[in-house]
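> Let the hints inform the model, and build the full structure from the sequences given.
Line by line, the protein sequences give chains X and R.
Note that the numbering used here has the first sequence beginning at 14, numbered continuously upward.
Note that the numbering used here has the second sequence beginning at 315, numbered continuously upward.
Read the hints as simulated data drawn from the structure, not as lab findings.
Warning: the hint list may mix true and false statements.
As a list, the in silico DSSO-like pairs of lysine-lysine whose alpha-carbon atoms are at most 30 Å apart [stated by the list, open to error]:
hint	chain 1	residue 1	chain 2	residue 2
1	X	Lys83	R	Lys343
2	X	Lys41	R	Lys350
3	R	Lys343	R	Lys372
4	X	Lys83	R	Lys372
5	R	Lys323	X	Lys134
6	R	Lys323	X	Lys41
7	R	Lys372	R	Lys323
8	R	Lys350	X	Lys134
9	X	Lys83	X	Lys134
10	X	Lys83	R	Lys323
11	X	Lys41	R	Lys343
12	R	Lys323	R	Lys343
13	X	Lys134	R	Lys343
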Amino acid sequence: MRQRLLVPLALIYVLTLQAACGASTLSKLHDTLNKTTKSLNAAAKTNHSFYEGGVYGAVGSAEAIAVRAKAATVIHDANEKLILALNLAQQLTAATFEQGKIAVLGALADAAAGLHTGNVKIDLVLQAVATLINQAVVIIEAFKSADLRIVLPEIRGWRLEAVNA
Amino acid sequence: MLELALLLKILEAANMATPSLVAIIQSIKNGRAAGKTDEEIEAESMAIALDTRAITEKDMSNEP
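Here it is in structure tokens:
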């Protein structure tokens with residue numbers, strides 16, 4: 014009798030887990046994060062190209078270096094948040110996905126939040142990157158958002174060093 | 315992917331659409347290569363993020 018009950022129960026458990034978070038959902042998350050890392054990399058290379066191409070002013074001038082440095086700092090900060098999201102995503106399994114994705118979401122939202130420098134040209138590029146990051150946030154958010162307000166304040170207090178260690 | 319098209323237009327307008335940048339944007343548009351596992355995608359993402367870190371750390375300095 015017990016065995017006859019265990020089989021359907023196990024089947025229901027597996028099917029529920031698959032429906033809530035199948036392998037395709039995790040793959041979608043990894044693909045979205047991959048797309049975001051590539052976008053930030055493109056922004057970093059564009060910033061360097063803008064400097065070398067004289068878009069920020071004469072190459073070597075204090076003004077051009079300052080704009081390049083400011084944009085690099087903004088991209089660097091967003092990238093650190095993204096590395097945090099990647100570290101968190103690497104630890105996700107189908108069973109821990111629902112909790113873990115919220116942490117990834119918080120890191121991504123932080124990454125998008127600071128992407129502006131005050132320079133019109135690089136800000137257009139950064140705006141495109143922020144849009145891509147926000148798309149990632151929306152995709153992940155759509156999975157489940159009920160727990161966000163409880164978990165996000167805690168995630169915002171995390172330190173990168175602690176996660177990377 | 316309207317945003318990527320916009321990014322490409324901005325780069326082209328500024329004569330900054332270098333082959334490496336266009337390749338990155340194309341690869342974002344194309345999505346995951348066939349047969350790549352989640353682990354491979356994770357490793358690729360981390361490698362790219364570390365490359366971005368190296369580029370930005372260099373450009374954050376006050377050196378010309």
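> Hint by hint, note whether the structure agrees.
Now the hints, each set against the structure:
1. X/Lys83 to R/Lys343: 28 Å, holds
2. X/Lys41 to R/Lys350: Roughly 13 Å separates the two Cα atoms, so the pair holds.
3. R/Lys343 to R/Lys372: 28 Å, holds
4. X/Lys83 to R/Lys372: 12 Å, holds
5. R/Lys323 to X/Lys134: 12 Å, holds
6. R/Lys323 to X/Lys41: At roughly 27 Å apart (the allowed maximum being 30 Å), lysine 41 of chain X and lysine 323 of chain R satisfy the hint.
7. R/Lys372 to R/Lys323: This hinted pair holds, its Cα atoms lying about 27 Å apart.
8. R/Lys350 to X/Lys134: 35 Å, violated
9. X/Lys83 to X/Lys134: 13 Å, holds
10. X/Lys83 to R/Lys323: Holds - the C-alpha atoms of lysine 323 of chain R and lysine 83 of chain X are around 23 Å apart, at most 30 Å.
11. X/Lys41 to R/Lys343: 15 Å, holds
12. R/Lys323 to R/Lys343: Holds - the C-alpha atoms of lysine 343 of chain R and lysine 323 of chain R are around 15 Å apart, at most 30 Å.
13. X/Lys134 to R/Lys343: 22 Å, holds
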